[in-house]
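K.L.:
Listed in order, the protein sequences are those of chains Z and L. Under my numbering, the first residue of the first sequence is numbered 739, with each subsequent residue one higher. Under my numbering, the first residue of the second sequence is numbered 361, with each subsequent residue one higher.
Read the hints as simulated data drawn from the structure, not as lab findings. None of these values were measured; they are calculated from a predicted model. Ideal Cβ placement from N, Cα and C applies to all residues, glycine included. Some hints here could point you the wrong way.
As the list claims (entries may be wrong) - Here are the computed distance ranges between Cβ atoms for each label pair:
1) L:641 - Z:809: 40 to 46 Å
2) L:548 - Z:962: 51 to 57 Å
3) Z:926 - L:730: 46 to 52 Å
4) L:641 - Z:751: 39 to 45 Å
5) L:806 - Z:878: 37 to 43 Å
6) Z:986 - L:641: 51 to 57 Å
7) L:653 - Z:751: 50 to 56 Å
8) L:924 - Z:926: 33 to 39 Å
9) L:375 - Z:867: 36 to 42 Å
10) L:652 - Z:770: 50 to 56 Å
11) Z:1082 - L:652: 41 to 47 Å
12) L:653 - Z:1082: 43 to 49 Å
13) L:924 - Z:858: 24 to 30 Å
14) L:913 - Z:914: 43 to 49 Å
Stated by the list, open to error - Subject to a maximum C-alpha distance of 20 Å in a straight line, what follows is the list of computed SDA-like cross-link-like pairs (lysine to any residue):
15) L:835 - Z:843
16) L:835 - Z:844
17) L:744 - Z:790
18) L:830 - Z:893
19) L:744 - Z:793
20) Z:872 - L:926
21) L:835 - Z:833
22) L:830 - Z:837
23) Z:872 - L:925
24) L:830 - Z:793
25) Z:850 - Z:833
26) L:830 - Z:894
27) L:744 - Z:816
28) L:744 - Z:797
29) L:921 - Z:833
30) L:835 - Z:848
31) L:830 - Z:809
32) L:830 - Z:844
33) L:830 - Z:806
34) L:835 - Z:849
35) L:830 - Z:797
36) L:830 - Z:812
37) Z:872 - L:920
38) L:830 - Z:852
39) L:830 - Z:833
40) L:830 - Z:790
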Amino acid sequence: MADVSSSYLRLEGIRKSFGTFQALQDIDLTVERGEFVCFLGPSGCGKTTLLRIIAGLETQTAGRIHQAGRDISVLPPAQRDYGIVFQSYALFPNLTVADNVAYGLVNRKQPKAQIAQRVEELLKLVGLPGSGPKFPAQLSGGQQQRIALARALATSPGLLLLDEPLSALDAIVRVHLRQEIRSLQRKLGVTTIMVTHDQEEALSVADRIVVMNGGVIEQVGTPLQIYSEPATPFVADFIGKGNRLAAVAEGNGMLRCGHLLLPCPAGWGADLPAGAQVTLYLRPEDRVVEGLDGGHPHQCVGTVRHVEFLGGNCIAEMQVESLPDQPVHLQFSLNQMYDLNVREGAVLRFALRADRLRAFRRAG
Amino acid sequence: MAAVLSLSSGALRQRAHWTDRIAHATLLAVVAALVVFLALPLASILVKALQTSDGGFAGLANFTSYLASPSLLSSLWHSVWVSALVTLITLPLAFGFAYALSRSCMPFKGLFRTIALVPLLAPSLLSALSLIYWFGNQGIARGFIRSFGFETIYGAPGIVIAECFAVFPHALMILVTALSLADARLYEAAAALGTSTRRKFFTITLPGAKYGLISAALVSFTLVMTDFGIPKVIGGNFNMLATDVFKLVIGQQDFQRGAVVGLLLLTPAVLTFAIDWLVQRKQTSMLTARAVPYRPSPAPAFDASMTAYSILVSVSMLLMLGMAVFASFAAFWPYDLSLTLRHYTMGLVDAEVGDAFVNSLQLAAGTALFGTIIVFTGAYMLEKTRGLDALRPVVRLLAMLPMAVPGLVLGLGYIFFFNLPGNPLNGLYQTLPLLVLCTIVHFYTTGHLTAVTALKALDAEFESVSASLKVPFFKTFWRVTLPICTPTLLDIARYFFINAMTTISAVVFLYSPSTKVASIAILNLDEAGEAGAAAACAVLITGGSTLVTLLFIALGWWVDKRTQAWRNTSSH
Chain Z
739 MADVSSSYLR LEGIRKSFGT FQALQDIDLT VERGEFVCFL GPSGCGKTTL LRIIAGLETQ
799 TAGRIHQAGR DISVLPPAQR DYGIVFQSYA LFPNLTVADN VAYGLVNRKQ PKAQIAQRVE
859 ELLKLVGLPG SGPKFPAQLS GGQQQRIALA RALATSPGLL LLDEPLSALD AIVRVHLRQE
919 IRSLQRKLGV TTIMVTHDQE EALSVADRIV VMNGGVIEQV GTPLQIYSEP ATPFVADFIG
979 KGNRLAAVAE GNGMLRCGHL LLPCPAGWGA DLPAGAQVTL YLRPEDRVVE GLDGGHPHQC
1039 VGTVRHVEFL GGNCIAEMQV ESLPDQPVHL QFSLNQMYDL NVREGAVLRF ALRADRLRAF
1099 RRAG
Chain L
361 MAAVLSLSSG ALRQRAHWTD RIAHATLLAV VAALVVFLAL PLASILVKAL QTSDGGFAGL
421 ANFTSYLASP SLLSSLWHSV WVSALVTLIT LPLAFGFAYA LSRSCMPFKG LFRTIALVPL
481 LAPSLLSALS LIYWFGNQGI ARGFIRSFGF ETIYGAPGIV IAECFAVFPH ALMILVTALS
541 LADARLYEAA AALGTSTRRK FFTITLPGAK YGLISAALVS FTLVMTDFGI PKVIGGNFNM
601 LATDVFKLVI GQQDFQRGAV VGLLLLTPAV LTFAIDWLVQ RKQTSMLTAR AVPYRPSPAP
661 AFDASMTAYS ILVSVSMLLM LGMAVFASFA AFWPYDLSLT LRHYTMGLVD AEVGDAFVNS
721 LQLAAGTALF GTIIVFTGAY MLEKTRGLDA LRPVVRLLAM LPMAVPGLVL GLGYIFFFNL
781 PGNPLNGLYQ TLPLLVLCTI VHFYTTGHLT AVTALKALDA EFESVSASLK VPFFKTFWRV
841 TLPICTPTLL DIARYFFINA MTTISAVVFL YSPSTKVASI AILNLDEAGE AGAAAACAVL
901 ITGGSTLVTL LFIALGWWVD KRTQAWRNTS SH
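This is chain L alone, in the form it adopts within the complex (with noise of 0.2 Å):
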């Protein structure tokens, strides 16, 4: 028997239970749909891009052709400078603000965060929508713009500020938590050796910062790079990339040279995605357990400061926000701005918009629960079950992936893929399902962390323990993982919710008439002239966001009282 064992070749593999087959087939099933809904539509871009019109090789003459288009390239030189521009202005900008929250001792910290992040909760174009009603050619504040020397807000100008807006709260997240992961005892040393304010500045704070700073410059300039509805509402005749994008493909119909840009700009953020890895790996190793959590003591004149920082920021958001919800109600901007329900009774009464917002809701609520189910399961799958290693990192590699592609890219490959003629899945295309995939793969990377982070907190011996009793995993999945992670479930659920009310560059190439969502709409009204149908649509959506949101809060609150009792319970 051992002269045999000796002799063969390989390692023993332990017999398969009936319930690993199970957690085999849900893990392959998972990979299966990342590979259908997410490798396949990027690499049908690839082979797009490499194609003539009519389906030969073409090598690289549509990227030498595309290189050959002034045009274009004055696309990719205004996409690039924009970007970094708007980095430039929001990183000093979003750093002193979670340099208030998070050093500082000024009051009302809750409300003053709460409103940087009010913009999550809307639609980026909204910011677009607003500087139009102060700045724009019927604006309020028209004349404001023109003492800085600006002939008009449309174009660049309007971009950029608009943008600022509309990353600001991205970043802000970012830097909070950056500047929340200090270790007290480093201030302290500082101190003993007498260091004085500034230099601990530069010393302890910018170093500890400085991944998280990295970081937020990173996403601020892809999502400038690839933001589309922003340029496409204040943008006038200045083109950029993402825009460019959008006429290629779906005005020209020129699928090669759309596909061109598409990879252009999936560069940038894969790189980026790449940067931000490696940067992500170095900060989790700063911090040591034994770290003890910084608290700010009161400094009057600074906390003065600060706060004063913080109103003018927070009030210019409010003016920002407040300026859309008031134009949604002006009867006729700007000649009668007596308050009426005008825009909403007609944008409603008129089927266009009632329909849009019944389908976003739909898109949504799809998104948030099927999204939520597929991603838990497929981290569950992939961090608790055994078998299958070569398969894991795999999957890992696919799940990481979507924060790399821009959602004007998925789109674009979606079109390519789920619109060819021989593709068996060609009847989905333009459906609702396609849509609520399309925004659970767009949004799978966060959704997918959170549920990781949440069962790698967890034991790693439970189903180690559960073997040993005989007790199949799932049922263990069923009576513990899931109790446990509820509130988990609830914030992916609220994640993808927010983010598939407010989402326009996914969808933006899969809808029809008849699948319309609400964000969209929008700019369709906006281009008919319809501003103030479109600022409404824009305030109903961010009014669902934030009703939305307070719905999950209840929620949250209701299952921590109902079912997380387990927690509170204090040791004797």
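Next up, chain Z with everything else stripped away, as it sits in the complex (with noise of 0.2 Å):
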């Protein structure tokens, strides 16, 4: 707890109701400077609520927020230090490009020669020197939120908030302008808290992400820690693919799945009781393939019952013999789908990798 003060931006039991319907509760949340966060989660998991509060565009029915050591739990935005950029732009429609990102400047009466150079500033930071005289109408979707992003940061904001800025464009401009905001986010360092419900996106772009689900949080970490150590079933099932596996325990420290004997991952389930009902989560990528020889534990024959091919890999729906009535999904590269011969009806050797593992009691 002691290094919380210097957080830049902290969240204390953040709760919001909405008559009886429970939007968020008991939120607590610490943002560093110069972090870029990530909110995840599925539609009406509370995220885009929580950077609303942020915002101060919503109000909590409870919780405290402090921002770079001050209290800002109820004051209204305009007296909060932030930009924001929103899915739909936002951008006036009937200002020209360089009216819009000059628009906050404007307020705090410099000069209009400064004003002028600092708009052709940003507007060469986003990638698009010299468009100050376009309307919004005249640019893409993407360039578009470019003069949105610049005219958030015009006025040098302590934080920036996104909301679901790449939502409304095309799966390659999205691609492509999300590792601009990452690359210029890092150039000036300015806290970032990024809401997405893209997986793909929070995890290429986020220092850390928050999986939100049902108005809590159920994981904050690193996009490695979310990715490899999924912190509850919902983040597991919610994070990239997996295959689920029904296990009992055994007492001792291993798990029966199927006839496979597996042992516990490290540091879990070392008092769970006999007859335990588990569920695992299993990596498609998490398995051995080559070099296999008959002392490698864990190993399984199976058949190769349908591929479905994506490109520079395939996902292979694998019946096996120990795990009798639960197919495992198992990921091949485009060369190991040649040199294996994955195809329909395929007898395959393998083993499962037991100490990616992920693990968790299941209820009842």
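Work from the hints to combine the two standalone chains into their complex.
P.N.:
Structure below.
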């Protein structure tokens, strides 16, 4: 708790209810200065509501917010320090690009030449120099979102809030622009919170991801932690692809899954009573297919039932002898697909990477 | 800290910024205005209906004495069957015309549409004046009406025909909208299944326009029920509720029974409004964003018959309008039909009509200017600012209420409320500012809905972005919202102007000799037997409205050129 006070943004016990509906419950979160944090979750999980509460566009039912050592819990938006970008861009259509970017600067009564210089500097920053005299309708969606970003950054806010900024864009523009936003954020060092429902987007740009579901935070962690060490079944299900396998505890630190006997993941399940129901999560890439010898543990033999081709790789649905009625999806690169002759009806030998397994006890 | 928070009851409230306070004060001012100039006058009708003539509590005595009066009961019956009959006649006629405009490939659609909507620019009683010139005692075609078995045009026959003409454009506008909201994919699917034209009409077109038909029927019924001018001019001894109110209040000073009749007029209007509101909500949910607009394809026989029908309707519209124009130029009807400007010069020189026309222009200009400002400000504060959450549903209700209140009833409420000796606003009574306020309130709802629709089309986050950039909302209102909404503002102003020029029902209770407006002058001239001058006055109003409409169109075109350049910039 010692370094909590040095955090740039601190949320304490944020709750939000609409009538009897609990949109957010007891949210605690700290964001460090210069960090890029993503709020990730399915629609209706409360991520946008939380962002709007930080912006002061909604008021939390209870809870405190501190930004840069200042209690901003009940301050109106105009007295907070942030820039915001919305999914809809919200550019003023009747103003030129330059007037849009200068919108917050004009209010600060700076000399005109200084404003014009700052606007050009910002347009260069977002890769659209010289587009000042155009109207927003003359720009593509991606360009408009860059202008919205420039407008939000114009007043050099301490906090940048991005509300699904890429959701309205084409897939290719999206991938391109998210990397630009990321490098821009690195260059400026501005603390940034981005709301998204796209896990790939969050994994690729965030320093830390806040996974939300049903108004609560499921897990906070780096993209790698979120992916490889999901803290809850929801995170394991929501992030990436995975096999969900039913298993039963043996009571000696081992789990029985079909005919396989697997060790509990490290540091988990030591006190699990025998007979406890467990769900195992296994990523499709967490298997060994090459260099297998007879001594490798957790070996299986399976028949390929179906191959889903995905471009650079493929997912094979396997019927495994030692896992009756629990088909397993395994991922193969295109090269492996040729080398191992992965096709419908083929019989493959592989081993599960038990060290990568995640296990959660099932209720009931 | 956390413990204190969890113990404290109630939700956190954001501190209000000074700009929020400005917004709240403005919204409160709009609410206060609507309460004083709408809710309180209406409430005073109710109070009056429950009072004895010396101010004591009467209970339902006024209602029972009303029901005991056979003459008033017969007026009620007259109002109901005339309104029903006009609705039954107008609805199919207007539906046919709307069908021709939206579902055929007939030529000159714009011209037909314009002609059919012209009556909106005239006071509704213009058609009654024309009917008298055609079929009245000295009408040029009075034999024609006898051949249909009618003794005279005065009374029910005249009222029904004149109302049909007056109500037609209102029904037409609703039906055209309903019929243009067609999804072409339904017709393509039906055609792919080999469905006959007749069956397509009964299974797709008619159900699709169902809500429009209901809406148009309700509007027609209420308009006729509460119209005052036409029965006054051509009704003769045929009494209706609307004329009764006038006689009771102005003639006999029987405010209590006037209030009872006022409430009777209010009831169908409020019912209509409630049904229409429910129906409109269903209508919007019917058409999805993915619908493909229907485009009629040429069908020579069908198009020709639709053209013929439209010509028939348009010609009768023009004959109706043209007769009043012609009569206003005729030297001495029906003996000397040589053309002269006598009625105009006499009327204008005779101070009454000239002053009344100037009053009308002042009323219309004032209504257009202040009405647009108030309506748009109110709608903006309602839709785009934050806080005062409990008050907002009240504002919405107050803004919708005028649509359910006939002008005659509103005017009645104004007499009762502003003529009250103890009322500090008593000084406003019979002044032009009160006429302006009354007219603004009378036509508030349509203006409000137009403004709300335009504001809802704007990105909801403009205000959020402004706040984050620390720009006060009123700067964004001035730099962004107003420029984008200028075409809408012009539409609202034009609507207010035209209606203020032609309205009779609300202002008939509120004028004094010095604030008499032209539409009232028609009634007075007609009553005084000055038929030619009455026609001239009606034509002046129609001409003025037409001119102003053209001016507004020109202004709109200019504004588009000047301020809306950003709309037509193509994306590259």
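K.L.:
Now tell me, hint by hint, if it's right for this structure.
P.N.:
Status of each hint after checking the structure:
no. : hint                       : verdict
1   : L:641 - Z:809: 40 to 46 Å  : holds (44 Å)
2   : L:548 - Z:962: 51 to 57 Å  : holds (53 Å)
3   : Z:926 - L:730: 46 to 52 Å  : holds (49 Å)
4   : L:641 - Z:751: 39 to 45 Å  : holds (40 Å)
5   : L:806 - Z:878: 37 to 43 Å  : holds (39 Å)
6   : Z:986 - L:641: 51 to 57 Å  : holds (55 Å)
7   : L:653 - Z:751: 50 to 56 Å  : holds (52 Å)
8   : L:924 - Z:926: 33 to 39 Å  : holds (36 Å)
9   : L:375 - Z:867: 36 to 42 Å  : holds (40 Å)
10  : L:652 - Z:770: 50 to 56 Å  : holds (52 Å)
11  : Z:1082 - L:652: 41 to 47 Å : holds (42 Å)
12  : L:653 - Z:1082: 43 to 49 Å : holds (48 Å)
13  : L:924 - Z:858: 24 to 30 Å  : holds (27 Å)
14  : L:913 - Z:914: 43 to 49 Å  : holds (47 Å)
15  : L:835 - Z:843              : holds (13 Å)
16  : L:835 - Z:844              : holds (11 Å)
17  : L:744 - Z:790              : holds (16 Å)
18  : L:830 - Z:893              : holds (10 Å)
19  : L:744 - Z:793              : holds (17 Å)
20  : Z:872 - L:926              : holds (9 Å)
21  : L:835 - Z:833              : holds (13 Å)
22  : L:830 - Z:837              : holds (15 Å)
23  : Z:872 - L:925              : holds (11 Å)
24  : L:830 - Z:793              : holds (12 Å)
25  : Z:850 - Z:833              : holds (17 Å)
26  : L:830 - Z:894              : holds (13 Å)
27  : L:744 - Z:816              : holds (16 Å)
28  : L:744 - Z:797              : holds (17 Å)
29  : L:921 - Z:833              : holds (15 Å)
30  : L:835 - Z:848              : holds (17 Å)
31  : L:830 - Z:809              : holds (18 Å)
32  : L:830 - Z:844              : holds (10 Å)
33  : L:830 - Z:806              : holds (18 Å)
34  : L:835 - Z:849              : holds (19 Å)
35  : L:830 - Z:797              : holds (18 Å)
36  : L:830 - Z:812              : holds (16 Å)
37  : Z:872 - L:920              : holds (18 Å)
38  : L:830 - Z:852              : holds (19 Å)
39  : L:830 - Z:833              : holds (18 Å)
40  : L:830 - Z:790              : holds (16 Å)
In terms of the numbered hints stated before, the structure departs from none.
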